[in-house]
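Trainee: Required output: the full structure, derived from the provided sequences and hints.
Here's the letter readout for the chains.
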Amino acid sequence: MAVNLKNLPDEELLYGVKTCQGCGVTLAARLALKVLGERTCLATPACCFAATTTVYPQSSIFVNNAITAFPALASTISGMAVAAEALGWDEDITFLGIAGDGGTVDIGLQALSGAAERNDNIIYICVDNEAYMNTGNQRSGVTSYKAWTTTTPTGPCSKGEKNRFKKSLFEIMAAHRVPYTATASVAYPKDFMEKVEKAKNIKGCKVIHVMTPCPTGWGYDPAVTVRTAKLAVECGLWYLAEFENNEFKFNFVPKEFKPVEEYLKLQRRFRHLDESDYREIEANRDIEWNRMRKRFA
Amino acid sequence: MSKKAFLSANEAAAYGVKLSKPHVVSAYPITPQTTLVEKIADFLANGEADFKYMMVESEHSAMASALGASLMGARTFTASSSQGLLYMCEMLSYVSGSRNPIVMVDANRSIATPWNIFGDQRDAMAMRDSGWIMLFVESGQEALDTVIQAYKIAEDPEVMTPVMVNIDGFTLTHTYDMVEIPEQEEVDSFLPPYNTTNKMDMKNPKTLCQSVGPDFHTEGRYLQQKAFEAAKRKIVSVNDEYAKLTGRSYGGLIEEYRCDDAEVVLVATGSVAGTVRAVVDEMREAGKKVGLIKLRSFRPFPKEYFESVKDKFKAIGVIDKSISFGYDGTVFSEVKSAMYGSSAKMANYIVGLGGRDIPKKMLEDMYNKLFGMVSGKNEAEVQFLGMRWE
Ligand SMILES: Cc1ncc(C[n+]2csc(CCOP(=O)(O)OP(=O)(O)O)c2C)c(N)n1
Ligand code: SF4
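Going down the list, the sequences are from chains F and V.
Our numbering numbers the first residue of the first sequence as 9 and each following residue consecutively.
Our numbering numbers the first residue of the second sequence as 965 and each following residue consecutively.
What the hints contain is simulated information worked out from the structure, not anything from laboratory work.
Heads up, some of the hints might be wrong.
[What the hints assert, rightly or not] Examples of chain F residues toward chain V, derived with CB under 7 Å:
no.: 1; residue: Thr62
no.: 2; residue: Val71
no.: 3; residue: Ala74
no.: 4; residue: Ser86
no.: 5; residue: Val90
no.: 6; residue: Ala94
no.: 7; residue: Gly96
no.: 8; residue: Gly122
no.: 9; residue: Gly244
Beta carbons: idealized from backbone N, C-alpha and C, even for Gly.
Mentor: Printed below as a string of structure tokens:
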């Protein structure tokens, strides 16, 4: 299932978007569409991606596309996929959903659980920028510990987000025994595209959770989106893994984690943190990795 | 030849669905809708029907997957009731705004709190402005026939608007009656396959359900209003066409029963219209000039009809199984405004809430109250009848 970068089409199926410069979400969507090609029917719920690509009379998406309600991405693409089967559409068409983290792990989780349990033939990509960005950066169930957002502001009584661990969409999906689920990062495009390619060739409900940094919400220079995403993985604050045939697998484990502050210090949302916070975040990271290692090994 | 069967209105509606040959049905159970979706499951299990049945995890998803299916050009059906209808409320306007002609049944039931599984029309009326055509039926037979008609209305190129077929909970959904089931060929000759350009297309990719800002928004909503105007005509012509085919007519938007020389009439929606008919017959026999206006289409509302009869009757009473708190019964306020400037006395009777029985005696009382008003007696405009205490 190797993706040969040389053979990727020059043709873009996503261009002219109105996102901020350096938007990780757009990058992920563009890469996914390069792999899936024009035989794709896409849907997106309310989120940055929908708001910046699809406002009448313009669209920057060059495949079939529909906008659906914020909680309803999985159920909408399920309906599309099931109808396509009922109507006898060609089997090589991909039914793709792209939603933000809020639209996935919070308000859309129920519908996604239903689609996963029914094992409808869809690819669901959660583009994770760790907050509700479209509405101006409010926290979600996967906002990083101690991150500043507009609903976890910092002050004498607050150090930002209180949840120590991100909700694990990957494991929630694995618990549904979907045929394929994975985590990914825009800093590892080949890995991500291979996962999309793999998902395309498996029948049933496939879910990919990709980290897509957001310069506007996280507060870093738009030029370093990829570097930021890469540091998250190198510091052990994000990971690349797959679940397939009922087995977990890490795709990449750094030999040694970089100090977390290399990642955190790049971003304005963490600028209130001090040495003790870094050490605490590092300790959390180690707890999480020990847990995952035991489970995934 | 059509055949007759002893069916509940839910089962009758399920036959209507089967005969309409949808591609996709998605549903989530709730009393008193359940026996409808169970009957549909039986059809599939017995090999009597062939479509995709999505057993989703909630009503929100039921309507969202119906939307997804409709976006592909599939004929789709779903059904719900009460809390379920409220739960899918968000999706109702997605479906109507994007002009997807989905047909649903709402088994009318009260809404919590207090929790109550029995029939009234508060659930549907709360969805008044969702952009759905709302038809109410009086019997199991009408339920079956109206589901089939609903597809023809909804899918009309000038209409392209979803339809909610309302069936009173328990009074109809769980009450058995002889129902004539049309032949498949008969229905096929009446209802052509759904054909639309408002769908995804691999040769000519589409953007559907798109965001529309202030620049174009009003125009889209204006087109929806135009579609409802077209629906007014279509509901009537579809009823007439169906009547030619089966011999059964429901009047279209409204049906007048013994109204020609009537002095006093009641406006009724749904199953209670059947009881009113019986009362009209009895009172007519006693020489009282009474009539019934059965309101079949609540949206579009037959404004022109009510305007046209504004000076025809001496008094008009409106029966409501719902109330817009702080104002009037839901149907009454519509009738009143459509009859603006009328010389008739008007009154509104709020009855049947949470499934309370509406006996014939109560309906007779309504007529008598209206006659009282005609002879000069003062009555409160909006009255809750049959209360245990005031
Ligand atoms: C039912 C409902 N609740 C709230 C909203 C408002 N809303 C629109 S987009 C959004 C946040 C989207 O966040 P996320 O899914 O994380 O995507 P992002 O914009 O960050 O990519 C919210 C809260 C809505 N559209 N619908
Ligand atoms: S706010 Fe963030 S996610 Fe949204 S468009 Fe801008 S960079 Fe992308």
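Trainee: Take the hints in turn and mark each one as holding or not.
Mentor: Evaluated hints:
1. Thr62: Result: holds, 5 Å to nearest chain V Cβ.
2. Val71: Holds. Min distance 5 Å.
3. Ala74: holds (4 Å)
4. Ser86: Because about 5 Å separates Ser86/F from the closest Cβ in chain V, which is inside the 7 Å limit, the hint holds.
5. Val90: holds (5 Å)
6. Ala94: holds (4 Å)
7. Gly96: The hint is violated - Gly96/F has no Cβ within 7 Å of chain V, the shortest such distance being about 10 Å.
8. Gly122: holds (3 Å)
9. Gly244: With a minimum Cβ separation of about 35 Å from chain V (threshold 7 Å), the hint on Gly244/F is violated.
Checked against the numbered hints above, the structure breaks hints 7 and 9 and satisfies the rest.
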